[in-house]
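> Let's have the full structure, built from the sequences with the hints guiding it.
2 protein chains.
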Amino acid sequence: MQLFQYQVLYQFTYDVFKAIGCSENDAATATEVLLSADLRGIDSHGVARLSGYIRLWQAGRINATPSIRIIHETPSTAVIDGDAGLGLIVAPFAMQVAIDKAKKVGTGWVSVQNSNHFGIAGYHAMMALNEDMIGMAMTNASALVAPTFSVEKMLGTNPIAVAIPAGNEPPFVADFATTTAANGKLEILQRKKANAPTGWVQDQEGNASTDANILKKNGALLPLGSDREHGSHKGYALGSIVDIFSAVLSGASYGPWAPPFPAYIPMPENMPGKGLGHFFGAMRIDAFRPATDFKQHMDNWITRFRAAKPAEGCEKVLIPGDPEREIQQSRMVEGIPLLTTIVEDLKNTGSLFDIKGL
Amino acid sequence: MQLFQYQVLYQFTYDVFKAIGCSENDAATATEVLLSADLRGIDSHGVARLSGYIRLWQAGRINATPSIRIIHETPSTAVIDGDAGLGLIVAPFAMQVAIDKAKKVGTGWVSVQNSNHFGIAGYHAMMALNEDMIGMAMTNASALVAPTFSVEKMLGTNPIAVAIPAGNEPPFVADFATTTAANGKLEILQRKKANAPTGWVQDQEGNASTDANILKKNGALLPLGSDREHGSHKGYALGSIVDIFSAVLSGASYGPWAPPFPAYIPMPENMPGKGLGHFFGAMRIDAFRPATDFKQHMDNWITRFRAAKPAEGCEKVLIPGDPEREIQQSRMVEGIPLLTTIVEDLKNTGSLFDIKGL
Numbered sequence: 016m017q018l019f020q021y022q023v024l025y026q027f028t029y030d031v032f033k034a035i036g037c038s039e040n041d042a043a044t045a046t047e048v049l050l051s052a053d054l055r056g057i058d059s060h061g062v063a064r065l066s067g068y069i070r071l072w073q074a075g076r077i078n079a080t081p082s083i084r085i086i087h088e089t090p091s092t093a094v095i096d097g098d099a100g101l102g103l104i105v106a107p108f109a110m111q112v113a114i115d116k117a118k119k120v121g122t123g124w125v126s127v128q129n130s131n132h133f134g135i136a137g138y139h140a141m142m143a144l145n146e147d148m149i150g151m152a153m154t155n156a157s158a159l160v161a162p163t164f165s166v167e168k169m170l171g172t173n174p175i176a177v178a179i180p181a182g183n184e185p186p187f188v189a190d191f192a193t194t195t196a197a198n199g200k201l202e203i204l205q206r207k208k209a210n211a212p213t214g215w216v217q218d219q220e221g222n223a224s225t226d227a228n229i230l231k232k233n234g235a236l237l238p239l240g241s242d243r244e245h246g247s248h249k250g251y252a253l254g255s256i257v258d259i260f261s262a263v264l265s266g267a268s269y270g271p272w273a274p275p276f277p278a279y280i281p282m283p284e285n286m287p288g289k290g291l292g293h294f295f296g297a298m299r300i301d302a303f304r305p306a307t308d309f310k311q312h313m314d315n316w317i318t319r320f321r322a323a324k325p326a327e328g329c330e331k332v333l334i335p336g337d338p339e340r341e342i343q344q345s346r347m348v349e350g351i352p353l354l355t356t357i358v359e360d361l362k363n364t365g366s367l368f369d370i371k372g373l
Numbered sequence: 016m017q018l019f020q021y022q023v024l025y026q027f028t029y030d031v032f033k034a035i036g037c038s039e040n041d042a043a044t045a046t047e048v049l050l051s052a053d054l055r056g057i058d059s060h061g062v063a064r065l066s067g068y069i070r071l072w073q074a075g076r077i078n079a080t081p082s083i084r085i086i087h088e089t090p091s092t093a094v095i096d097g098d099a100g101l102g103l104i105v106a107p108f109a110m111q112v113a114i115d116k117a118k119k120v121g122t123g124w125v126s127v128q129n130s131n132h133f134g135i136a137g138y139h140a141m142m143a144l145n146e147d148m149i150g151m152a153m154t155n156a157s158a159l160v161a162p163t164f165s166v167e168k169m170l171g172t173n174p175i176a177v178a179i180p181a182g183n184e185p186p187f188v189a190d191f192a193t194t195t196a197a198n199g200k201l202e203i204l205q206r207k208k209a210n211a212p213t214g215w216v217q218d219q220e221g222n223a224s225t226d227a228n229i230l231k232k233n234g235a236l237l238p239l240g241s242d243r244e245h246g247s248h249k250g251y252a253l254g255s256i257v258d259i260f261s262a263v264l265s266g267a268s269y270g271p272w273a274p275p276f277p278a279y280i281p282m283p284e285n286m287p288g289k290g291l292g293h294f295f296g297a298m299r300i301d302a303f304r305p306a307t308d309f310k311q312h313m314d315n316w317i318t319r320f321r322a323a324k325p326a327e328g329c330e331k332v333l334i335p336g337d338p339e340r341e342i343q344q345s346r347m348v349e350g351i352p353l354l355t356t357i358v359e360d361l362k363n364t365g366s367l368f369d370i371k372g373l
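Chain order of the listed sequences is A and B. The first sequence begins at 16 in our numbering and counts up one residue at a time. The second sequence begins at 16 in our numbering and counts up one residue at a time.
Bear in mind the hints are in silico, worked out from the structure with no lab data behind them. Incorrect hints may have been included.
One copy or two, either will do: identical chains are not told apart, so a pair holds if it fits within one copy or between any two.
Using 27 Å as the maximum straight-line C-alpha spacing, the simulated BS3-like pairs for lysine-lysine come out as follows [said to hold, decoys possible]:
id: 1; residue 1: Lys362; residue 2: Lys200
id: 2; residue 1: Lys362; residue 2: Lys207
id: 3; residue 1: Lys310; residue 2: Lys331
id: 4; residue 1: Lys232; residue 2: Lys331
Laid out in structure tokens, this is it:
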């Protein structure tokens with residue numbers, strides 16, 4: 016494990032995005048979005064994925080100079096064609112359109128086709144906070160999850176993020192995969208050669224499994240709820256809603272046809288739409304009630320929930336967003352820890368473009 | 016167990032709502048919404064609750080002749096004051112406002128204060144289907160659920176419903192509590208004197224429990240995910256989002272202050288808002304892409320998911336809404352089964368107003 020200052024990783028990542036042809040603005044945006052994951056402690060979605068994005072660009076699946084455009088709109092909605100651009104760039108563009116529409120008619124809702132992985136959903140949802148809006152972001156993703164009663168991988172981990180402003184309290188920021196555990200958590204166990212808890216994955220027959228490598232053996236991640244008795248049909252429904260809002264509504268590729276992140280996996284045959292899909296929403300608080308009233312009540316909500324009696328052995332009740340904010344505060348000062356294998360991988364990526372600095 | 020034809024229960028329920036002073040239109044709406052739960056097999060939310068609504072009316076907590084009105088609006092949003100009316104009447108009114116706004120600007124979003132329990136969320140979401148819209152409905156509810164790391168009941172079972180039209184296939188209709196198991200499921204086990212599976216409830220110290228009566232002993236329902244290791248923080252976040260959209264956005268009473276459904280429980284002190292809150296959304300499909308295209312792709316989505324390989328011992332993969340639709344088809348023909356205790360309870364309610372017919 017090595018510690019890197021944010022600025023060091025920023026410069027390196029920016030240089031790499033510039034090297035594949037991104038404009039200065041786009042490289043800055045992509046870097047900020049990507050590293051927001053490292054800052055918030057969602058290490059699986061941060062700079063560790065940089066080489067993956069570059070391999071997609073090498074494979075011709077990512078367009079570094081996309082012409083992102085609105086292909087259909089109403090006062091409160093839009094569909095955007097990402098032109099196969101980096102999701103890290105397409106998503107903030109689309110979220111801004113949602114925010115602009117909310118300014119005019121109260122809310123804005125944008126579905127996106129022809130995009131790629133967009134980093135952490137939370138970043139995009141949080142763009143609404145400074146505008147006194149509630150922000151939402153979701154995306155479909157490569158199929159790793161079996162629906163309830165099935166052994167076939169049909170859905171991605173399809174995250175949902177919702178960011179809600181408060182007053183004196185920090186904002187409420189939920190950002191979660193619609194699976195029991197995100198794939199990144201499984202990857203951590205693989206590195207440690209540890210078992211997964213039951214309820215995270217199943218084997219190729221649909222039996223409970225604790226093998227952290229089971230996805231490579233035709234196993235699957237499980238929807239939030241784990242099994243039918245514990246509500247996996249609800250997690251399956253949530254993941255499906257994300258898939259439909261992101262991809263069926265926009266004309267992206269959905270379900271098992273969602274394009275894979277690893278560039279070595281061939282694109283699915285007979286894709287029913289273009290690229291990955293996302294869905295964004297922005298709701299102006301004062302389209303419902305005065306923002307000051309709302310924020311005062313959010314402070315009250317947050318304070319009351321923080322004061323809820325803890326269970327035995329638990330320190331305190333957390334508000335969604337608390338852990339990530341604490342990690343961010345610490346990493347901005349202490350630096351961002353990266354595994355040696357990730358550092359090597361980054362150096363290799365840099366060397367493709369003669370970029371040093373790590 | 017006794018079987019009743021839908022029309023018989025309809026007439027009885029309609030007469031009771033008329034007897035407390037509802038207009039003919041309102042009585043018809045309330046009856047249709049309430050019985051939609053029985054038809055769809057969600058027995059805990061149907062006619063079995065009629066006496067509960069009447070007790071709330073007797074306690075002066077429900078206004079049978081509400082003046083429901085929009086108190087704030089923008090082109091795509093509204094806040095509605097339900098004037099303490101039956102949620103069964105307030106909710107369809109509010110959903111219609113969302114639909115009307117969607118007709119004009121693409122989407123409509125309505126937050127409701129000063130309401131009461133609204134039956135099943137699915138009914139309201141499904142109102143959008145005939146308009147070629149996606150419908151959403153959620154509500155907060157009396158606190159029965161402990162947040163992750165807590166033993167205090169802070170949230171209701173706060174359901175989310177999303178209804179999405181398809182073409183030749185039946186619509187996708189998800190309608191689920193944001194808990195591992197709905198309270199109704201626990202009540203069924205109580206009647207059977209059976210234990211609950213682990214992961215549904217916890218005791219007053221926050222330990223896992225299988226006691227179906229644990230809520231009466233300071234226990235709590237668990238958020239979807241059951242425990243931290245299985246993602247209960249995600250269920251807690253979902254339930255919180257429902258609470259905030261329904262109640263903080265509208266000015267209703269939120270979290271542990273949500274008004275209780277049983278009329279014998281005193282109203283919480285220092286309520287921060289008015290009554291229960293709901294949240295509704297309607298998105299016109301053709302605000303995103305032509306409805307015929309979308310429906311064709313939804314048919315493809317549904318067909319593909321139905322064809323997903325089943326797990327060993329499982330018959331087939333279901334689409335959200337399948338089980339409820341099958342029950343509805345059967346109950347419209349065979350009748351609706353009611354427990355003898357429920358029938359007695361209904362007869363007692365009828366006798367208050369000299370209404371027979373069961």
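> Give a verdict on every hint.
Right, here's what the structure says about each hint:
| no. | hint | verdict |
| --- | --- | --- |
| 1 | Lys362 <-> Lys200 | within (24 Å within a copy, 55 Å between copies) |
| 2 | Lys362 <-> Lys207 | within (23 Å within a copy, 63 Å between copies) |
| 3 | Lys310 <-> Lys331 | within (23 Å within a copy, 47 Å between copies) |
| 4 | Lys232 <-> Lys331 | between (39 Å within a copy, 22 Å between copies) |
Violated hints for the displayed structure: none, as all numbered hints are satisfied.
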